[in-house]
Structures are given as C-alpha cells and as structure tokens.
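Protein chains: 2
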Amino acid sequence: MSARARTADFAAVDRFLDRRLEASLAELSRLVAQPSVAAQGRGMEACAAQVAEMLRARGFAVETIPTPGHPVLLAERAGESERTLLIYNHYDVQPAEPLELWTSPPFEPALRDGRLYGRGVSDDKGHLMARLFAIDALLDARSALPCRVKFVIEGEEEIGSVHLPEFLVRHRERLAADACLWEFGYVDHRDMPLLHAGLRGIFYVELTVETAKRDAHSGLGGSIFPNAAWRLAWALSTLKGRDERILIPGFYDAVQPPSARDRERIAALAEVADEYRARYGVTSFLRGLTGGVELRIAEVFEPTCTICGLTAGYQGQGSKTVLPARASAKVDFRLVPDQNPEAVARQLRAHLDAQGFDDVRFEVLGKEPPGRTDPDHPFLELVSETAAPVYGMPMAILPMTGGSGPNHAFLHTLGVPVATAGLGYPDSRVHAPDENLRVDLYLKHAKHVARLLVAFGERG
Amino acid sequence: MSARARTADFAAVDRFLDRRLEASLAELSRLVAQPSVAAQGRGMEACAAQVAEMLRARGFAVETIPTPGHPVLLAERAGESERTLLIYNHYDVQPAEPLELWTSPPFEPALRDGRLYGRGVSDDKGHLMARLFAIDALLDARSALPCRVKFVIEGEEEIGSVHLPEFLVRHRERLAADACLWEFGYVDHRDMPLLHAGLRGIFYVELTVETAKRDAHSGLGGSIFPNAAWRLAWALSTLKGRDERILIPGFYDAVQPPSARDRERIAALAEVADEYRARYGVTSFLRGLTGGVELRIAEVFEPTCTICGLTAGYQGQGSKTVLPARASAKVDFRLVPDQNPEAVARQLRAHLDAQGFDDVRFEVLGKEPPGRTDPDHPFLELVSETAAPVYGMPMAILPMTGGSGPNHAFLHTLGVPVATAGLGYPDSRVHAPDENLRVDLYLKHAKHVARLLVAFGERG
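First to last, the sequence lines map onto chains A and B.
If you're matching positions, the first sequence starts at 1 in my numbering and goes up one per residue.
If you're matching positions, the second sequence starts at 461 in my numbering and goes up one per residue.
Just chain A, with the same shape it has in the complex (with noise of 0.2 Å):
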C-alpha cells in the first residue's frame, strides 16, 4: 500500500476522533473521577466495573477475574483478521497525596490551556482511553476491527504488579497473541516519538537496623551504645562505591552490555544533557559523563543501586542530642537483562552476612525482572513507521529505558514481543501532583493506535 493510499484510508479516521474529541475526553473525566488506588485499596472494584462496561460497550466479551489482590480485566473482540494484538493496560493510579499540591483536586478532572489534570489522566486511564477511543473510530468506519484485539488490564501496576506474572501463567492460553502494545510510552522533549524495547527491572529493599530497644541520650551512650544510624551508614556504604561501582560480589555477572546495535539506534535520540541540567538543576553527571550516546546508553544499560530514602533519630529544627536506636533505608536497584531480583536479593544477603551485617535486615517491597524485546523486531518497526503520519516522524526505537515494569513476564511467559507506544511526555507529572496529558498528544495517540490496528490485521 502507498503512502498516499494509507494517508485516503485514515481520512475518516481523523475527522471521527478530531470531532468526538470533548466527548471522549468528557468519558476520560468520567474515568478519572473515579478514584481507583490500589495501594490505599480504593474504589478498585468500582473502578473495575466502570472499565468493563466501557469495554461491553463496544462490543468487547469482558470478563473481571479474582486474584489474590485487586481483579484483571480480560476482553477480546474478533476482528477482520485472526493476528492478535494483545492491549496491556492498568485501571490502578497512584495515591494523589500530596493533595495540597495539586492546583485542582485529583479525581476532578479540569481541563486547562490544552492539557487535561487529574490523578492517573496520564497513567494510565488517558492510554487506555485513547486506545478505545481508536477502536471506536476505526468501528465506525469499517464496522470490524482490522484485527483482533484482546485487553489485558490490570489494578496492581502501582502496588509492583505483584499477582500478574502468575495471572499470566494461568491464563496463557487465552492471553495467547502475535504481539503487544505496552501501557504506556511518550514522546521526548523535542516531541519525538520514543518506542522502547525494553525496561530495566527493579528490587527494592527497605533496610532496617534495630540497636536497642530505645533511644539514648548521646552524652550518656555516644561511646558505649551500637548506634543504628552509624550501622546503616557503615552498611550501605559497602554496597556500593564512591565510583558507582556495585560492591555486591556476583551483581554485574548477569549484565549483557549494550550491543554495537544498540548504541547505534541510542545515538539517533537528541541530547539529552542540557535539557536534565535545565529539568533537574544537576551541575554534572556521574562516572565523569558529560552527555552525548554515552550519557544516553548508561542512563538505561547500567544498573543502579538508589538510595531513595533514610530516616533515623531527630530530624526537627535545631539539634537533640539522641543516640538513635532504629535507623532506614529504601534502597532501589534497577536490574538489566539477565539480572533477576532473585538473585540480586540472594547476593546482597550474603553480601551483608560477610561485611559482618547481619543485624541490616530487609524487606522487599517490589521485584520485577528486566525484559527486553529485539529492538530490529519487525513489530517494533510496525509500531515505528504507523506513527510517522501522525507524529511527522516514525518513533525513534530505543533497546531500553530507565523504568521498570511487569514486561519480562509477557515477553518470556507469552512469548510476545512487546512496544511501548503512548501519549507521555517531560512534563506529564505521573506519580506526582498535577498529572496531565496533553490534549494533542491524546488525540495522536488515539490516531497513532487506530494505524497501528490496521497495518497489524494487514500485514497477518
């Protein structure tokens, strides 16, 4: 088919969500005012029934299934061809606190300068409504899906995923796919379009060391008492080292560093380096990097060891002499193909025990493998060249990116490849107050989707 045939074909496409685009943002409000936080375990199963309705309601059989946490939608509707795109999406959104930031309340979504606010307006109702608003569309104009299309839509995403690996592993059969579309993606702050293949995984740990049963006054027990403050310090400084250097014996063994391929398609991406100097306010970058393909391959081929939060003793104004007898870290790793958390956890456990610190002990509060798709896979390029109509440019195919998510299990229990592709960009504050999603690129998104639909059922 010619460019120019494609460009006739989407004709009506275009106008349909070009006019029904107040209406499917108001059904996006709808949504979003529906609060759906899987960590505070609130409004989930309303929530649930909300998106299964928008589901029935175009003609998909949708069917809600336990799990031990919140419920996994399953839908499916034929299409004109038997290839199979399977939607990865998720219902739960963060907990919207700190409300006081927020310049409108969280769950009442209000529409400023072309940019729509809200907890979870962005990840990751706006993905999910804009892909339905795409099939709307495309039903519409062809009244049958060019393929079929069969959603997968989770509550736990936020909480770490924690009962879909398993999920997928029971429903396999059902699940089965030729490929599939990731929750989310976004475009870079050129406004380039990014497609990753991959996502790093994660283990986080908080840390605990308890040295007594109360805090002491420091003039009394500053040179006699363990000290849970100092412990902690000592022990984290032996993970990892003032070079960034990992210090837990056997952690680098599973990495596979970038392949020339790889640095080949990171060297297409913009710089990034005055743009996160400008973002962050950073003065420099580590391990010596100044910017430039070096900059961009570490930031998603290395893994990292993040300290992202210590508590221990007084931390008021002035000073209070206090010998603190309970001191914490959260620790974050984030983990690059082969790594697994299994692993890391079994290593940084002996790791602890040998540096003499098996009085650190920790929890983990959320583990995911990284996974990662062949980036020269030809549903990637699929993905890449549907969006170059709509973005002026195909997306940029990146092997990996610095987040982490539940991909490793659809990409090895599944055996699909897997695109990321959505309506993100620099500024969309997920996780954070004032989420938002730019009304332009919900609307491009959508379009982006209902092409992708096509060529897939096409090229089956």
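In case anyone wonders, no lab produced these hints; they're calculated from the structure.
Where hints are given, some of them may not hold.
[What the hints assert, rightly or not] Facing chain A, a subset of chain B residues (Cβ under 10 Å, in silico):
| hint | residue |
| --- | --- |
| 1 | Arg-480 |
| 2 | Arg-674 |
| 3 | Ala-688 |
| 4 | Pro-709 |
| 5 | Tyr-712 |
| 6 | Phe-745 |
| 7 | Val-760 |
| 8 | Gly-778 |
| 9 | Phe-793 |
| 10 | Arg-809 |
[As the list claims (entries may be wrong)] Derived CB-CB ranges, DEER-like:
| hint | chain 1 | residue 1 | chain 2 | residue 2 | range |
| --- | --- | --- | --- | --- | --- |
| 11 | A | Arg-170 | B | Glu-735 | 33 to 43 Å |
| 12 | A | Arg-30 | B | Thr-743 | 52 to 62 Å |
| 13 | A | Ala-61 | B | Leu-561 | 58 to 68 Å |
| 14 | A | Gly-250 | B | Gly-816 | 36 to 46 Å |
| 15 | A | Leu-247 | B | Leu-707 | 12 to 22 Å |
| 16 | B | Thr-527 | A | Glu-294 | 55 to 65 Å |
| 17 | A | Leu-247 | B | Ala-848 | 31 to 41 Å |
| 18 | A | Gly-356 | B | Arg-739 | 51 to 61 Å |
| 19 | B | Leu-481 | A | Gln-40 | 50 to 60 Å |
| 20 | B | Asp-651 | A | Gly-318 | 30 to 40 Å |
| 21 | A | Gln-256 | B | Val-753 | 51 to 61 Å |
| 22 | B | Thr-743 | A | Glu-53 | 54 to 64 Å |
All values derive from a computational prediction rather than experimental measurement.
Glycine included, C-beta positions come from ideal geometry on N, C-alpha and C.
Chain A is fixed; fit chain B onto it per the hints.
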C-alpha cells in the same frame, strides 16, 4: 568538729526542712507553672522576674542583666565568712513537646507517688528551689548565711549557653568566688550520690548535601544523576570507622587519656552494664566492652561522633522510586579535655574537603569546650563529705560525666573549682515527657546544701 557535733548542729535545720517541705514544693510548683522555654522564647521575662523576686525575698541583692539573648540573674548575699560560693543554675527549660506523651500537663505540676511531675521540675528549677530551701533553713536557724553566696542564673542553658562565656568574661570581678556548685547532679541506679569533676564538650553540626534543585525519578536518574543520600552516606562513612575510631585527622591530638587516679576513682563506681542492658535493651557494647571499669571509662573519657539523625528522600510506608536531591545528618561530637570545638570545626572541614566532599556543608548547632576540675581538689572532697550524713555515704567523686555544659568558662574564666551535686536520678526524664523529681531526693539535696554551706564557711 566531730560527726556527732555536726549532727546536732543540723537538727534544727533538718526539722525546718522536714516541716516546710510541702510549702517549698508549692513554691517550686508555682515556678514550674511559669513556662520558660528558651528555644521558643516563651515566658522568659516573666520567669526571670519571678526568680528575682524569690531571691530578693531571701535577702539577696539581685540584678537582671540583659544579654543579646535571654537575661542572666546575678544575686548575692554576704555571710559570716568571706568565703564565697558561686551557685550556677538556669531558669530556662526544654520544650515540653511531644505534649501527648505527658501523663499530666507539663506546666501544671502534679504530685504522684512521691514524685513531682512537670517540665523543668528537675532540670533545673528543682535544683534552684532546693538550694533556696536550704538557705531558708540556715537563715531560720542562724539568721545569717555561713558564707557569702552568689547565684548566676542564666536563661539559655537549654539552647547551648550561647551568651554565657562572654557574660562571665564581662562580669568576672562581680562573679569572683572560691568555688562553684553546678546546676545539676544525680544519684545512680542504686541511689549512690555522684559528684562529677568534669563535663565533656560538645560540637553539634548538621551536615547537608544538595545535588540538584529537585528530586528525580530513580528509573530516570539512577545511573547518571548524583544522589544526595549517597553523597551523605559516603561522607559519613569517612568520619568514623567500624572500629569506632574517628578518622578526622588531628581529632585525637589534644585528648588527655585518663590518669591512674582517674581509673581508680571510676573503679569505685557501681557496675552499670546490666542496668544499661535492662534500661536500653542493648545486647552488646562497642569496642568489645562487656562491662566493668573499662566500660565506665569509655563512656566518659572517649570522645564521640554520634549520628543523631538522618533525613533523605521518601520515608513513608512502602516504596517510592525517588532519587533525593537533598540529604542531611545531625552529628554530635562529644569532646574530652583538651579538645576544643573550634579546632574540631576546622578539622572536620579540612577532612571533608580532603576526602572530596566539599559539597557537604555543615552548620554548627552547638559548641562547648570540655572542662574538668582536679578530682582531688579539696572543694570536691568537701562537697562529697558533707553528703555523707544525708545519703548515708559520701558522694563518689568521678573525674568526668558524659554530658556537656558551660563549665569550661567557669573553670578558665573565673578560675573556680566546679562540683556537681543534685537531686537527679536515672528516671528523672529530663528533656523528655513526664520529667519528674523524687521528693525524697529533693529533701536530701536541700539538707546536703545546708551542710555544704556551713562547712564551706567554716573552712575558709
């Protein structure tokens, strides 16, 4: 004078104190009911005026002298002998927060089970009141004080006696004395009265690192952005080794080890290891110490570097994948003779710079040099001996205590020996909710001070 004669001498004094105990506690309660929280600037002038009035009522000439902070009271009354005892107290108290942990309101003194509860009831208003009570008894029995008594009563002890050293320099002549009775003192867990000849100094800082203008997502920045919490953990780990040795060059240069005589005196003190294990729930002590004289020496003769607090990033329930832009630690150095806080400040800065941590800034939140009187000084012997008829044993004279205070200025500006003696006990809860004094120890302290004043006058 024989012990028998002495006993007879004090029969009238003791009768007075026994009979008037209730009235004295009522006067103390009125003093405690007047808040005087230096850190919050609450009730300071009213409390100073109340104390001045209490002194005038006992025939003292009183002057309230302004400082750049809260005023200092100077009071003086001549006695039968020209020997002059300087008594140091303070009228300020610690903040009462957290209020919800008090059994009865902190500024509504309440008597329960032989204890008087209230903020400042022990630290330090009870000490001041017990001493005035002793003076009342002497004036009743003899119509004159046995020696000249001067009071210096400051209003900033709980915020580091910031203006007192300068005040002592300025008023050196008016404060001339032969010896000084310190603001506090206590019995140990077996009710043995303790006399401390020295106090450790203190150098309290807040270390701060800032690596960016705002937090980043750990999935984005983890491998390329500097992390303030890591910088802090690494910087801290260079301050002290896991063997408790402080690694700041020059830190130990001025340290005077305990003499054979110091060790001998400390050996006379009761075993404390089991008491500490029970009270604090510590299972082991630092430096391989298990108890005995070595533990008691370490607790007061070792300088310390204590992490009193750690703050960075996310500290709530569960996980948040944040890369902190800011981290801080409160660190308390206890100093022993002849260290001094100015030198430690320079050493700390030089050390951090030399270790590559010029990004770690610190703010000084408190500093007092250490100071000690010769434990064999005759004044200390006198204070100890005069306690014997009251406590059934002389005070154990110990070369040092672990806490800090402005005794250095008394020792070096005024040139007076300084002895501690007081009504504290291990469960006084000073600086904490339910601060209290034991009425029996209040009475004992008054009886002891009466004997001390008489003996002090006689030996002049």
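So, going through the hints one by one against the coordinates:
1. Because the beta carbon of Arg-480 of chain B sits about 34 Å from the nearest beta carbon in chain A, more than 10 Å, this interface hint is broken.
2. Of the supplied interface hints, the one on Arg-674 of chain B holds, with its beta-carbon coming within about 6 Å of a beta-carbon of chain A, less than 10 Å.
3. Evaluation of the Ala-688 of chain B hint against chain A yields a held restraint, the C-beta minimum of about 9 Å falling below 10 Å.
4. A distance limit of 10 Å between C-beta atoms decides the matter here; for Pro-709 of chain B the minimum to chain A is near 19 Å, and the interface restraint is violated.
5. The criterion of a C-beta within 10 Å of any C-beta in chain A is not met by Tyr-712 of chain B, whose closest approach is roughly 13 Å, and the hint is violated.
6. Nearest Cβ of chain A to the Cβ of Phe-745 of chain B: about 5 Å, under the 10 Å cut. The hint holds.
7. Hint on Val-760 of chain B holds. Least Cβ distance to chain A is approximately 8 Å, under the 10 Å limit.
8. A distance limit of 10 Å between C-beta atoms decides the matter here; for Gly-778 of chain B the minimum to chain A is near 6 Å, and the interface restraint holds.
9. Against a cut-off of 10 Å between C-beta atoms, the interface hint on Phe-793 of chain B holds, since the closest Cβ of chain A lies about 9 Å away.
10. For Arg-809 of chain B, the interface hint is violated, since its Cβ never comes within 10 Å of a Cβ in chain A; the closest pair sits about 19 Å apart.
11. The hinted window of 33 to 43 Å between Arg-170 of chain A and Glu-735 of chain B is violated, with their beta carbons roughly 58 Å apart.
12. For the hinted restraint 52 to 62 Å between Arg-30 of chain A and Thr-743 of chain B, the CB-CB distance of approximately 58 Å keeps it satisfied.
13. In this structure, Ala-61 of chain A and Leu-561 of chain B meet the distance hint of 58 to 68 Å, their C-beta atoms being roughly 59 Å apart.
14. Separated by about 28 Å at the C-beta atoms, Gly-250 of chain A and Gly-816 of chain B break the suggested range of 36 to 46 Å.
15. In this structure the supplied range 12 to 22 Å holds for Leu-247 of chain A paired with Leu-707 of chain B, their Cβ-Cβ distance being about 19 Å.
16. A beta carbon spacing of about 59 Å between Thr-527 of chain B and Glu-294 of chain A agrees with the range 55 to 65 Å that was offered as a hint.
17. For the hinted restraint 31 to 41 Å between Leu-247 of chain A and Ala-848 of chain B, the CB-CB distance of approximately 60 Å leaves it violated.
18. Between Gly-356 of chain A and Arg-739 of chain B, the C-beta spacing of about 26 Å breaks the proposed range 51 to 61 Å.
19. The supplied range of 50 to 60 Å is met by Leu-481 of chain B and Gln-40 of chain A, whose beta-carbon atoms lie about 57 Å from each other.
20. Remark: the range hint 30 to 40 Å for Asp-651 of chain B to Gly-318 of chain A is upheld by a beta-carbon distance near 34 Å.
21. Between Gln-256 of chain A and Val-753 of chain B the beta carbons are some 60 Å apart, a value that agrees with the proposed interval 51 to 61 Å.
22. Checked against the hint of 54 to 64 Å, the C-beta distance between Thr-743 of chain B and Glu-53 of chain A comes to roughly 59 Å, which is consistent with it.
In this structure, the hints that do not hold are numbers 1, 4, 5, 10, 11, 14, 17, 18, in rising order.
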